[in-house]
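Protein chains: 2
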Amino acid sequence: MAEALRIGIAGLGTVGASVVGCMTDKEAELTRQCGRTMALTAVSARDRTRDRGIELGNAQWFDDPVELARSAEIDVFVELIGGDSGAAYDAVKAALEAGRHVVTANKALLSKHGVALAAIAEEKGVLLNYEAAVAGGIPVIKTMREALAGNEVSRVFGIMNGTANYILTRMEEEGLSFEDCLAEAQRLGYAEADPTFDIEGHDTAHKLSILTSLAFGCKISADDIYMEGISNISQADIRAASELGYRIKLLGVAVKTDSGIEQRVHPTMVPTHSVIAQVHGVTNAVAIETDVLGELLLSGPGAGGNATASAVIGDMADIAKSRPGFQHGPVFGRPAAKLKPYKRARMRSHEGGYFIRMTVHDRAGVFAAIAKRMADNEISLESIVQHADGGLPDEQKNVILVTHETTEAAVRKAVDGVMKDGHLVDKPQVIRIERAA
Amino acid sequence: MAEALRIGIAGLGTVGASVVGCMTDKEAELTRQCGRTMALTAVSARDRTRDRGIELGNAQWFDDPVELARSAEIDVFVELIGGDSGAAYDAVKAALEAGRHVVTANKALLSKHGVALAAIAEEKGVLLNYEAAVAGGIPVIKTMREALAGNEVSRVFGIMNGTANYILTRMEEEGLSFEDCLAEAQRLGYAEADPTFDIEGHDTAHKLSILTSLAFGCKISADDIYMEGISNISQADIRAASELGYRIKLLGVAVKTDSGIEQRVHPTMVPTHSVIAQVHGVTNAVAIETDVLGELLLSGPGAGGNATASAVIGDMADIAKSRPGFQHGPVFGRPAAKLKPYKRARMRSHEGGYFIRMTVHDRAGVFAAIAKRMADNEISLESIVQHADGGLPDEQKNVILVTHETTEAAVRKAVDGVMKDGHLVDKPQVIRIERAA
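Chains D and L are the protein sequences, given in the same order.
If you're matching positions, the first sequence starts at 1 in the UniProt record's numbering and goes up one per residue.
If you're matching positions, the second sequence starts at 1 in the UniProt record's numbering and goes up one per residue.
Take the hints with a grain of salt, since some may be wrong.
The list treats identical chains as interchangeable, and a pair is accepted whether it falls inside one copy or across any two copies.
[Claimed, not checked] Derived lysine to aspartate or glutamate pairs resembling DMTMM-like cross-links, with alpha carbons at most 25 angstroms apart:
#  : residue 1 : residue 2
1  : 338       : 97
2  : 124       : 295
3  : 340       : 29
4  : 338       : 27
5  : 124       : 3
6  : 427       : 73
7  : 338       : 25
8  : 93        : 25
9  : 219       : 25
10 : 343       : 27
11 : 372       : 29
12 : 338       : 63
13 : 343       : 29
Hints in this document: simulated from the structure, not taken from any laboratory.
Given the structure is predicted, the values throughout are model-derived calculations rather than measurements.
Generate coordinates for the entire structure from the input sequences, incorporating the hints supplied.
Here's what the structure looks like:
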């Protein structure tokens with residue numbers, strides 16, 4: 001049997017502890033699958049004394065993860081520190097430069113420095129694996145990087161934040177407000193004390209930026225992502241969506257268009273009977289649309305120690321199965337030097353259907369005025385309904401429009417027009433509709 | 001750049017033509033991804049003169065696929081002939097023995113000879129890739145063989161036959177009979193003139209047998225699969241299922257139980273709101289339940305030239321990315337010599353919920369008699385309803401039971417008892433319920 005693969009892990013939080021636990025519990029099976037053992041030879045974490053309930057064996061302790069990354073006693077550096085710079089960045093860079101394979105779960109780091117790190121990995125002929133960085137245990141990186149070779153991707157989209165999906169699911173199931181569901185998610189540990197990162201779309205954007213690069217062979221550009229969070233989704237939206245055959249999900253979407261690449265994260269209407277609409281709670285899902293294969297959807301646990309550890313272990317096993325002399329495919333599907341510049345499509349050019357909910361003063365001529373504004377902007381309507389909503393005073397009504405395919409620019413202009421007409425009680429709610437199988 | 005990977009393809013039907021077309025159309029991108037070109041150097045098919053609308057370039061023509069398999073001018077032998085023996089078997093065996101990598105889409109071949117062929121591949125240190133053999137373009141083999149390293153699978157199940165799923169979908173959507181939907185599927189080319197293989201579960205069983213081996217590290221045993229087809233599913237079943245919150249799907253299911261492994265293919269009730277229940281038409285889906293990750297579901301196109309070609313190209317690209325000296329993981333997850341013997345669980349020991357539909361003579365005491373037979377066999381009922389069904393004469397009624405978890409043995413005994421009581425108009429319909437997220 002080949003020599004053991006020597007693993008160094010930096011970061012022993014929930015995920016790190018799960019990885020170490022899994023390496024111990026599954027040692028025999030992993031050895032059978034990989035043809036050699038994976039040996040934990042070194043670790044690094046902040047607190048040396050904490051009891052993590054795991055067996056660290058004879059692993060050497062490093063206070064400095066960068067020192068661990070450079071150690072000659074490891075073949076693979078597993079980065080589970082987190083953060084887009086600082087120790088995580090320094091250590092991953094050092095490991096790659098020292099010719100160590102790297103496994104990381106760090107979406108923020110890759111979103112910011114992925115291309116530069118890929119260039120080092122490719123130059124050194126080592127692997128940079130990051131399955132756990134997007135959608136937890138769902139093997140979307142492996143699928144896009146390996147299984148879909150030869151496929152040209154036209155669109156990739158998904159539910160990539162469990163916190164936001166949990167909140168939307170509970171709002172729909174229980175009829176509770178966003179605030180109540182957020183509080184519940186915080187109580188259950190699904191949401192942070194400061195939930196901004198999850199509910200405003202930043203976390204999804206990081207993950208999306210990585211998938212965009214893999215999908216379209218372009219550089220990662222997380223700063224160019226259009227972002228709207230879910231904090232202004234109301235029960236009125238959820239109910240109206242449901243009656244019209246839609247469900248609201250926080251999606252990250254990347255699409256190739258004639259004018260460039262759209263990257264957007266926003267609450268989205270998906271058809272109630274689509275597969276992705278059934279993805280509830282903290283579960284994640286990613287759909288990939290390609291020319292050869294068609295549409296593929298993967299769903300599963302998107303976060304949590306074990307789900308993330310599963311992806312990390314899979315990445316480690318891929319390295320264990322490789323042998324000296326083996327050269328894997330490029331980190332982001334095509335060599336870092338050949339990744340195309342990212343060309344951003346203007347959000348105003350976005351084409352699609354729209355759901356528009358307006359609370360109006362209930363008086364004659366409102367419908368006509370709204371319909372005229374839409375017609376003036378060449379927006380054709382699939383439906384315009386007055387929505388019975390218990391929460392409104394008698395003299396106010398909800399009017400819901402669903403448009404056929406139109407452009408973002410047209411919708412913005414039409415909505416501005418309606419607002420100027422003075423019939424609206426407050427700001428209208430505009431939610432994009434996404435095709436989904 | 002490394003030398004070109006020389007590809008020989010045997011079988012130029014729909015899939016073969018798609019593979020060749022894709023290799024031509026995507027040459028530049030595949031080369032970028034793999035770091036070397038894939039060159040079509042040899043082909044074999046029955047009819048040399050047929051116009052397939054593809055570019056065969058300078059590929060050498062072989063009348064005999066076995067001769068092609070042994071040719072020193074290829075590195076990879078792609079078998080797209082089909083059939084579980086004859087030319088396909090001879091050629092794949094010859095290729096492996098000659099030290100060529102093999103890519104195949106042939107589920108029947110692997111189902112019958114997979115372990116023996118894997119042993120040769122592993123001895124020769126070559127790859128035997130077969131992503132296209134199960135669920136077409138869905139990367140379930142890659143996921144189970146690579147991504148889920150270290151995960152212990154407890155259950156794998158899925159919709160793996162597009163013909164059967166198309167028929168069930170149309171029956172539900174259109175309220176048509178099985179026969180009408182089959183005829184439609186035949187007209188559209190989704191079903192063969194002799195549809196037995198698809199609708200009676202044989203095709204699903206072949207695919208399931210391969211997943212079972214990957215899931216549980218055991219030898220392939222396709223002859224040990226319990227099988228029921230969908231030809232006796234009626235509109236009465238579909239309607240009753242719908243009213244009770246279920247949808248009927250032809251599933252292949254493999255589960256590890258205390259007494260062995262259950263492998264079964266049969267019409268199955270899945271909750272209407274589960275993800276797998278939304279998998280419609282010819283689409284396939286596979287769900288994998290593991291200890292570390294939890295439940296993963298993959299859905300996508302399960303058949304057709306392009307979907308299958310996508311998987312074949314992915315397999316070829318994995319070989320192109322590997323280099324001499326590289327040794328991949330074992331063909332069925334663990335080395336062929338270490339695959340455990342398959343231990344069949346008895347179907348009578350199956351545990352789960354059941355849907356039982358009985359057409360009864362409408363007279364006093366029928367409900368009581370049925371309920372007693374259930375109670376006598378310790379079957380606890382979730383519901384027992386008299387189902388309004390338009391198609392029945394006045395003096396007959398449909399009675400639908402949904403049981404809590406019980407055993408197959410208990411259900412068979414109880415149903416036999418009810419039949420003996422003489423209240424039934426005809427044979428009861430018994431459909432197993434499967435948990436699904």
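- prompt: Going through the earlier hints one by one, which of them does the structure break, listed in rising order?
  reply: 2, 6, 8, 11 and 12
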